[in-house]
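Peer 1: What follows is the residue order along each chain.
Number of protein chains: 2
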Amino acid sequence: MSKLRCDISVSADGFVAGPNQSDENPLGEGGERLHDWVVPLAAWRDAHAKQGGEVNASSQIVDEARAGVGAALMGRNMFGPPAGGAWGDEQWKGWWGDDPPYHYDVFVITHHPRGPVEMGGGTTFHFVTDGIEVALERAREAAGGQDVMVWGGAEVINQYLAAGLLDELELHVVPVLLGAGARLFDNVGATEIQLEQIRAVEAPGVTHIKYRVSASRESG
Amino acid sequence: MSKLRCDISVSADGFVAGPNQSDENPLGEGGERLHDWVVPLAAWRDAHAKQGGEVNASSQIVDEARAGVGAALMGRNMFGPPAGGAWGDEQWKGWWGDDPPYHYDVFVITHHPRGPVEMGGGTTFHFVTDGIEVALERAREAAGGQDVMVWGGAEVINQYLAAGLLDELELHVVPVLLGAGARLFDNVGATEIQLEQIRAVEAPGVTHIKYRVSASRESG
Numbered sequence: 001m002s003k004l005r006c007d008i009s010v011s012a013d014g015f016v017a018g019p020n021q022s023d024e025n026p027l028g029e030g031g032e033r034l035h036d037w038v039v040p041l042a043a044w045r046d047a048h049a050k051q052g053g054e055v056n057a058s059s060q061i062v063d064e065a066r067a068g069v070g071a072a073l074m075g076r077n078m079f080g081p082p083a084g085g086a087w088g089d090e091q092w093k094g095w096w097g098d099d100p101p102y103h104y105d106v107f108v109i110t111h112h113p114r115g116p117v118e119m120g121g122g123t124t125f126h127f128v129t130d131g132i133e134v135a136l137e138r139a140r141e142a143a144g145g146q147d148v149m150v151w152g153g154a155e156v157i158n159q160y161l162a163a164g165l166l167d168e169l170e171l172h173v174v175p176v177l178l179g180a181g182a183r184l185f186d187n188v189g190a191t192e193i194q195l196e197q198i199r200a201v202e203a204p205g206v207t208h209i210k211y212r213v214s215a216s217r218e219s220g
Numbered sequence: 001m002s003k004l005r006c007d008i009s010v011s012a013d014g015f016v017a018g019p020n021q022s023d024e025n026p027l028g029e030g031g032e033r034l035h036d037w038v039v040p041l042a043a044w045r046d047a048h049a050k051q052g053g054e055v056n057a058s059s060q061i062v063d064e065a066r067a068g069v070g071a072a073l074m075g076r077n078m079f080g081p082p083a084g085g086a087w088g089d090e091q092w093k094g095w096w097g098d099d100p101p102y103h104y105d106v107f108v109i110t111h112h113p114r115g116p117v118e119m120g121g122g123t124t125f126h127f128v129t130d131g132i133e134v135a136l137e138r139a140r141e142a143a144g145g146q147d148v149m150v151w152g153g154a155e156v157i158n159q160y161l162a163a164g165l166l167d168e169l170e171l172h173v174v175p176v177l178l179g180a181g182a183r184l185f186d187n188v189g190a191t192e193i194q195l196e197q198i199r200a201v202e203a204p205g206v207t208h209i210k211y212r213v214s215a216s217r218e219s220g
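Chains as they are written, first to last, in the working numbering: chain A, 1 to 220; chain B, 1 to 220.
Calculated from the structure, these hints are not laboratory results.
Treat the hints with caution; some may be incorrect.
Chain B regions said to be covered by chain A (calculated; three or more residues, Cβ under 8 Å) [said to hold, decoys possible]:
| # | stretch |
| --- | --- |
| 1 | 8-15 |
| 2 | 171-179 |
| 3 | 183-190 |
| 4 | 195-202 |
| 5 | 206-213 |
Covered stretches of chain A (chain B as the covering partner; in silico rule of three or more C-beta atoms under 8 Å from a C-beta of chain B) [to be verified]:
| # | stretch |
| --- | --- |
| 6 | 6-15 |
| 7 | 142-155 |
For glycine and all other residues, C-beta sits at the position ideal for the given N, C-alpha and C.
Okay, chain A solo, but in the shape it has when bound:
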């Protein structure tokens, strides 16, 4: 069966976003530093329709993280809209412009029903109100045998971890302390989750650690 994968940047003290997340600052105070390692990369710029950029030990990590993915999952807060935004009249189409960097079906886990939103470049946003397991089933179907990626935020990733549904997790450990914010691994039933280190890669300003994840119990 195709895998459910996650890769995410995390501070040395375990946060994937800083404190006081807001519409103006969705990554929280200091949270943008979590991405300092990736933004200069050619591999990242290419995915965001920009030219040039650096090539270093992280480049292959980024390429691999994007390879073999056929669909994705994300939480309602990651999709948006900002508070007071035009979700009700269905104007909001995510943070990523007309051509989002996904190019596959993205399933947004939400309590608010809405029809699919087809974007440029092959990305379609679907809105799933039946919970994380149904969202995963639909994403697997859409992925057509390829893997499914859960993009975030922390709450949704932690829910998939707690449900024993995540198969691979790659942490991009960044030399930053945030002190507060959204913590990975919060309330996931840690003692029932097994990690196996698959590989670790040193790169400028980041260490990539990839784990195979399994759980003593499976939900569903």
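Following the hints, position chain B against chain A.
Peer 2: What follows is chain B alone, placed relative to chain A:
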């Protein structure tokens, strides 16, 4: 000036000891798994007067961590004694037997005055009641130009971090989730601490990440 260094095993979710630490289980529930990577190593066995053992990518890390250290610091809880133990009549001499694996002066930060305890193999335990900065001064003096190591526990390491006194921190990131326990980086004034990644090394069942630490402010 000689450096203040720390190296410590930490779970993927940021704990250096599991929950419910006790005399029988000083590393807390599940905490002994933090040391699974190091105990089989020849470098570790040698330091604990045992023969044989494995050599792998962690061996050099352990050798380097022990090299160039002339004195050490530790917290009262790490030294012991167990609750109800014979501290009062000065019978307790630490967990490490007659020949502790330090072979230098070790300064125990405590509220309870006590004369120095000289052990075999060059280890002497000193008891400092004037706080972490005085303890560090005395350790630096004893180290004679070599580095000083802070061994733990988490509370004392966090105090040195918060005071802006730690120079280097090597985390041995272990593929284990503990879910609760003693957390590194708790209440250290994270936003005033800068980390610079010096190196990362992949090894069996662990990733070693070494940081240079600096602080926006220095205490003292």
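Peer 1: For each hint, tell me whether it holds in the structure or not.
Peer 2: We went through each hint and held it up to the structure:
no.: 1; hint: 8-15; verdict: holds (count 3)
no.: 2; hint: 171-179; verdict: holds (count 7)
no.: 3; hint: 183-190; verdict: holds (count 5)
no.: 4; hint: 195-202; verdict: holds (count 7)
no.: 5; hint: 206-213; verdict: holds (count 4)
no.: 6; hint: 6-15; verdict: holds (count 3)
no.: 7; hint: 142-155; verdict: violated (count 0)
Violation of the numbered hints given earlier is confined to hint 7; every other hint is satisfied by the structure.
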